[in-house]
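**Q** Below are the chains, spelled out letter by letter.
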Amino acid sequence: MTSAATIPEQSGGRLTKLYGVLKDIMSRPSGAIGLMLVMVHVVVAVASPWIVPFDFKRVDVDLMLMPPDGGHWFGTDQLGRDVLTRTLMGGREAMFVTAIATPIAVCWGGFLGILLGLAGGRIDDGLMRVVDAFLSLPWILVMLLVIVIFGSSMPVLIAALGFFYGVPVIRVARAAAHTVVARDFVVAARARGHGRLAIIRVEILPNVLDALMVEGAMRWSWMLLAFSSLSFLGFGVSPPTPDWGLMIADARSLMSVGPWAVLAPIVALSSLIVGINLTADALAKALGIDRAQKAPV
Amino acid sequence: MEPALIRFDDLSVGFTSRDGRLLPVLRHISLAIAPGETVGLVGESGSGKSTLALAAMGYLKRGLKVISGTVTFAEQHMFSLGGSELERIRGGKLALIPQNSGQSLTPTLRIGAQLTEALRLHSKLDPAQFPARTLDLLRQVRLPDPEAIIARFPHELSGGQQQRVAIAMALAGEPKALLLDEPTTGLDVTTQAHILDLLSDIAQKSGMAMVYVSHDLGAIARVCQRVVVMYAGEIVLEGTPAQIFKNPTHPYARGLLASIPRVSNARLPVALEGRPPAPGEAGQGCAFADRCPIVQPVCRLERPELRAIASGEWLRCHVPELAQGIVMEPMTAPAPVAEASSDTAIFTLSELAISYHQANWFRQLLGQADKSTPTVKDISLTLARGETLGLVGESGSGKSTILKALAGLTPRQSGTIAFDATEDLAANVDHRQPDQRRRIQLVFQNPDESLNPRQTVAEILAQPLRLYFGLSGQALRARMVELLIQVRLGAHYLDRLPSQMSGGEKQRVAIARAFAAEPDVVLCDEVTSALDVSVQAAVLTLLDRLRRERNTAYIFVSHDLAVVRALADRVAVLYQGRLCEIGRASDVYANPAHPYTQVLLSAILEPELAARPKLMAADVQELSPPAKGCACQRRCPLKVGMICETETPPWQTVTPGHSFACHKPNNSMG
Numbered sequence: 588m589t590s591a592a593t594i595p596e597q598s599g600g601r602l603t604k605l606y607g608v609l610k611d612i613m614s615r616p617s618g619a620i621g622l623m624l625v626m627v628h629v630v631v632a633v634a635s636p637w638i639v640p641f642d643f644k645r646v647d648v649d650l651m652l653m654p655p656d657g658g659h660w661f662g663t664d665q666l667g668r669d670v671l672t673r674t675l676m677g678g679r680e681a682m683f684v685t686a687i688a689t690p691i692a693v694c695w696g697g698f699l700g701i702l703l704g705l706a707g708g709r710i711d712d713g714l715m716r717v718v719d720a721f722l723s724l725p726w727i728l729v730m731l732l733v734i735v736i737f738g739s740s741m742p743v744l745i746a747a748l749g750f751f752y753g754v755p756v757i758r759v760a761r762a763a764a765h766t767v768v769a770r771d772f773v774v775a776a777r778a779r780g781h782g783r784l785a786i787i788r789v790e791i792l793p794n795v796l797d798a799l800m801v802e803g804a805m806r807w808s809w810m811l812l813a814f815s816s817l818s819f820l821g822f823g824v825s826p827p828t829p830d831w832g833l834m835i836a837d838a839r840s841l842m843s844v845g846p847w848a849v850l851a852p853i854v855a856l857s858s859l860i861v862g863i864n865l866t867a868d869a870l871a872k873a874l875g876i877d878r879a880q881k882a883p884v
Numbered sequence: 048m049e050p051a052l053i054r055f056d057d058l059s060v061g062f063t064s065r066d067g068r069l070l071p072v073l074r075h076i077s078l079a080i081a082p083g084e085t086v087g088l089v090g091e092s093g094s095g096k097s098t099l100a101l102a103a104m105g106y107l108k109r110g111l112k113v114i115s116g117t118v119t120f121a122e123q124h125m126f127s128l129g130g131s132e133l134e135r136i137r138g139g140k141l142a143l144i145p146q147n148s149g150q151s152l153t154p155t156l157r158i159g160a161q162l163t164e165a166l167r168l169h170s171k172l173d174p175a176q177f178p179a180r181t182l183d184l185l186r187q188v189r190l191p192d193p194e195a196i197i198a199r200f201p202h203e204l205s206g207g208q209q210q211r212v213a214i215a216m217a218l219a220g221e222p223k224a225l226l227l228d229e230p231t232t233g234l235d236v237t238t239q240a241h242i243l244d245l246l247s248d249i250a251q252k253s254g255m256a257m258v259y260v261s262h263d264l265g266a267i268a269r270v271c272q273r274v275v276v277m278y279a280g281e282i283v284l285e286g287t288p289a290q291i292f293k294n295p296t297h298p299y300a301r302g303l304l305a306s307i308p309r310v311s312n313a314r315l316p317v318a319l320e321g322r323p324p325a326p327g328e329a330g331q332g333c334a335f336a337d338r339c340p341i342v343q344p345v346c347r348l349e350r351p352e353l354r355a356i357a358s359g360e361w362l363r364c365h366v367p368e369l370a371q372g373i374v375m376e377p378m379t380a381p382a383p384v385a386e387a388s389s390d391t392a393i394f395t396l397s398e399l400a401i402s403y404h405q406a407n408w409f410r411q412l413l414g415q416a417d418k419s420t421p422t423v424k425d426i427s428l429t430l431a432r433g434e435t436l437g438l439v440g441e442s443g444s445g446k447s448t449i450l451k452a453l454a455g456l457t458p459r460q461s462g463t464i465a466f467d468a469t470e471d472l473a474a475n476v477d478h479r480q481p482d483q484r485r486r487i488q489l490v491f492q493n494p495d496e497s498l499n500p501r502q503t504v505a506e507i508l509a510q511p512l513r514l515y516f517g518l519s520g521q522a523l524r525a526r527m528v529e530l531l532i533q534v535r536l537g538a539h540y541l542d543r544l545p546s547q548m549s550g551g552e553k554q555r556v557a558i559a560r561a562f563a564a565e566p567d568v569v570l571c572d573e574v575t576s577a578l579d580v581s582v583q584a585a586v587l588t589l590l591d592r593l594r595r596e597r598n599t600a601y602i603f604v605s606h607d608l609a610v611v612r613a614l615a616d617r618v619a620v621l622y623q624g625r626l627c628e629i630g631r632a633s634d635v636y637a638n639p640a641h642p643y644t645q646v647l648l649s650a651i652l653e654p655e656l657a658a659r660p661k662l663m664a665a666d667v668q669e670l671s672p673p674a675k676g677c678a679c680q681r682r683c684p685l686k687v688g689m690i691c692e693t694e695t696p697p698w699q700t701v702t703p704g705h706s707f708a709c710h711k712p713n714n715s716m717g
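If you're matching them up, the sequences are chains A and B in order.
According to the numbering used here, the first sequence is numbered sequentially starting from 588.
According to the numbering used here, the second sequence is numbered sequentially starting from 48.
Since the hints were derived computationally from the structure, they do not count as laboratory data.
This one's a predicted model, so the numbers in the text were calculated from it and none came from an experiment.
A few of these clues could be false.
[Stated by the list, open to error] For lysine-lysine, the following DSSO-like pairs were computed, each having C-alpha atoms within a straight-line distance of at most 27 Å:
{"hint": "1", "chain 1": "A", "residue 1": "610", "chain 2": "A", "residue 2": "872"}
{"hint": "2", "chain 1": "B", "residue 1": "711", "chain 2": "A", "residue 2": "872"}
{"hint": "3", "chain 1": "B", "residue 1": "108", "chain 2": "A", "residue 2": "872"}
{"hint": "4", "chain 1": "B", "residue 1": "223", "chain 2": "B", "residue 2": "252"}
{"hint": "5", "chain 1": "A", "residue 1": "872", "chain 2": "A", "residue 2": "644"}
{"hint": "6", "chain 1": "B", "residue 1": "711", "chain 2": "B", "residue 2": "686"}
[As the list claims (entries may be wrong)] Here are a few chain B residues that face chain A, going by a calculated C-beta distance under 10 Å:
{"hint": "7", "residue": "223"}
{"hint": "8", "residue": "432"}
{"hint": "9", "residue": "451"}
{"hint": "10", "residue": "487"}
{"hint": "11", "residue": "492"}
{"hint": "12", "residue": "506"}
{"hint": "13", "residue": "514"}
{"hint": "14", "residue": "518"}
[As the list claims (entries may be wrong)] What follows is a list of derived Cβ distance ranges for each label pair:
{"hint": "15", "chain 1": "B", "residue 1": "516", "chain 2": "A", "residue 2": "626", "range": "30 to 40 Å"}
{"hint": "16", "chain 1": "B", "residue 1": "328", "chain 2": "A", "residue 2": "608", "range": "20 to 30 Å"}
{"hint": "17", "chain 1": "A", "residue 1": "694", "chain 2": "B", "residue 2": "151", "range": "41 to 51 Å"}
{"hint": "18", "chain 1": "B", "residue 1": "516", "chain 2": "A", "residue 2": "608", "range": "27 to 37 Å"}
{"hint": "19", "chain 1": "B", "residue 1": "328", "chain 2": "A", "residue 2": "720", "range": "34 to 44 Å"}
{"hint": "20", "chain 1": "A", "residue 1": "715", "chain 2": "B", "residue 2": "121", "range": "36 to 46 Å"}
Quick reminder that beta carbons are idealized off the backbone N, C-alpha and C, glycines included.
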């Protein structure tokens, strides 16, 4: 066949595909900036205990609310602790908890969503109303209730975030599965007599995975905000562990005297959130989910 | 000659690929269309025919740009006009009728309001005259009862009626030229015949120029005065229908004509091998060289020029004298498979009825039976081993529904399906034996839908092989390669994704997947209707070869009577979910007994100049099958009387094995 040579080479390997997607993300300005921001945060979170200039616990009453200078680049807080040190280390807890909770949320929400999408009919309708009802709850109050009952230990936080943030994933996965289920290749698999789980794994999951990946990235940024909000309210990380939400809460009242103490964690948190969102956008475009990016011909 | 109304002058259009190369979609097109002239643009998908027609409006799809050349309409350069100037011309002096007009009508506006809007934008009439003019336009497109139509919403009209409304809207601005982009594709044959009739009438009466884009040579032959054959973004042949359909001088046109199945001829069409080059792939030589049966060394080196060969005929070929040697006769018909008898029957359907109406769950709870009028009713037929049964009918006739019921994908209301030794096959595929599932396989209409876009060919073919035969490792691979070779692909296709194959190649993979199960019956649901004619011929040839090699029975569903003619041993004609006529293909096509079969056969368009479809049936919308009486009582041109509305027509035998359901006695049939 003459057509063999003319088809653009595109190998089927998963690694090559991942590399292609990464390259595509980096080729977009928003994606490059976003991915860089996320990478910097991850590296800092992992390496911070070895690179910070001061001990995060060291209290020095002589150095209370010192403005930034050569010794303390970001100044000190109301207890004289180094703000740079605490900012560099302040994302560790949040990122660790959310990095575990995000896959949990995507997995259970995604699985249930696909199952509902495949089942259709009354079960689907009924359970989706439950999901809708769940989404209408003020989640922060529910989370607080859970923490009040079970305490604010790390496993509880992971489980609570993983559970609550899996609910919106159900919606996305179900919608994505719905469009796939109606297609003839799923009908063909049913007609051949494959089992339900085999159909999910072989036919549906590969077509839903892209949407789930993008959704996962978005959920991650929401979870980070939620975790920081809990800390801010005093229900997340307990002092003296450095945490952005906690730092903002502590330094908030002294904003007019020492704005550096509150600005540094805010900038750190926002840059991570913005970075994740930019990456998720670029990922969606690279995976072709974004509709505006269809090929011209 | 008059000055041209639309003129393409050396127009080249292309897009920039991801690696920065400029790939042409249209290459150096020069074409002039005179006022009042009807020009047909023909070619396979991707030949650039739609792009060219839309360029006449100064419109290009996103990402496309003009590389060189100009387009003028009424002495204006379309690509140098501003937005508001273009707006005045488009829809006014130059109107477009798109393929699927149901989607181009606003779903929330009544027909009258949409037409009035078109008038307000594009006509100089006094607003007081709009209502009268609206009715006038609807009458002009021969819509029955225009007063009722203006109050309807688009979804309340049939596809043919929607297309008529779109034509009426295009006529609102009294255009000088109409652009028709596949205006009848997707419509039923009888509706298509009516629309084409209407269009050629309008062209003759109003003196409008028409650019008619279609892949359907039959439709082009019917309406056009001049035909332009396009290939890979170039004009390869231009001439009158007489020149092009009788004895075309270009090898591509000859191949295209030979690949069309004919109702008059029970033979397989000849496939045009290979596929057209993608944008940027055509080398320095002739774009058709790779597929040309008479290719010469010069064809690969030098691009032929478009030159005049006879009066009004233009050709792009180095060796037209050799083209005359290409035989255009369809290949010889193989002997039909023996008549079905009860001991060789594989499928026996008795009084099968299927309803789309879902009984409400409260009644189900009370155990009340579903009493709604079924969509498909009283289907009794048999399929013998190794036989091909064609199931023919217009859209909504229930032919695909019957296939789904056979495959166990649609619940049936009543009736039985006997399969081989099983007296009544389970209605739901989940309740069938694995071996029963293996022996009945499906091939779908559109391979883009039926192949998982995320699976390679190897993964696609492995599904049935693992499931039914537990193959793995080297044995699995060997079997997959064997299957690919059977469908004329090769081992190098194993790692391809569907997006890396052409439509025909994808459909071959889908067929290979069905045959991987070593089935006794393959249910084919419009398997060629998403393909180009040249590819369709190849797929039909493949299906024919496979059934002979493996003695597989087919139920071949199609709206295209010519395609069914090429393959089917027996034909069943369906209308509104009821069987009208059944018999050996040769009998039914030569001597149709049921009025509806006659209507269908008379409406077919063949790429022959003499062919003029007869418009027998009234062009009305069918909403649902009538509760009693004959299914086609509302459209029958030979209605007997009240009996057609009250009593189910009896089955009458014409010759043994050929029978039809009608009140009219057979001897009075034409």
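**Q** Look at each hint and say if it fits the structure.
**A** How the hints compare with the structure:
Using a Cα cut-off of 27 Å, the hinted pair residue 610(A) and residue 872(A) holds, with the two alpha carbons roughly 12 Å apart. Taking the CA atoms of residue 711(B) and residue 872(A), the gap is about 63 Å. The hint is violated against a cut of 27 Å. With a CA separation close to 20 Å, the supplied pair residue 108(B) and residue 872(A) stays within the 27 Å bound. For the suggested pair residue 223(B) and residue 252(B), the alpha carbons sit about 13 Å apart, so the restraint of at most 27 Å is met.
As the CA atoms of residue 872(A) and residue 644(A) are separated by approximately 44 Å, the hinted pair breaks the 27 Å bound. At roughly 8 Å between alpha-carbon atoms, residue 711(B) and residue 686(B) fall within 27 Å of each other, so this suggested pair holds. A least Cβ separation of about 30 Å between residue 223(B) and chain A goes past the 10 Å threshold, and the interface hint is therefore violated. A cut of 10 Å between beta carbons decides the hint on residue 432(B): the least distance to chain A is about 21 Å, and the hint is violated.
Among the interface hints, the one on residue 451(B) holds; its C-beta lies about 9 Å from the nearest C-beta in chain A, closer than the 10 Å criterion. Evaluation of the residue 487(B) hint against chain A yields a held restraint, the C-beta minimum of about 8 Å falling below 10 Å. Restraint check, residue 492(B) versus chain A: the minimum CB separation of about 8 Å is within 10 Å; hint holds. The criterion of a C-beta within 10 Å of any C-beta in chain A is met by residue 506(B), whose closest approach is roughly 8 Å, and the hint holds.
For the restraint placing residue 514(B) at the interface with chain A, the shortest Cβ-Cβ distance is roughly 6 Å, inside the 10 Å limit, so the hint holds. Checking residue 518(B) against chain A by beta carbon gives a least distance of about 14 Å; that is not within 10 Å, so the hint is violated. Range check, residue 516(B) to residue 626(A): Cβ separation about 48 Å, and the 30 to 40 Å hint is violated. With their beta carbons about 27 Å apart, residue 328(B) and residue 608(A) fall inside the hinted range of 20 to 30 Å.
At roughly 43 Å, the beta-carbon separation of residue 694(A) and residue 151(B) lies within the given 41 to 51 Å, and the hint holds. Under the hint 27 to 37 Å, the C-beta atoms of residue 516(B) and residue 608(A), about 36 Å apart, fit the expected range. Between residue 328(B) and residue 720(A) the beta carbon distance is about 56 Å. The supplied range of 34 to 44 Å is therefore violated. Separation of residue 715(A) from residue 121(B) is about 56 Å and departs from the stated range, judged on CB atoms against 36 to 46 Å.
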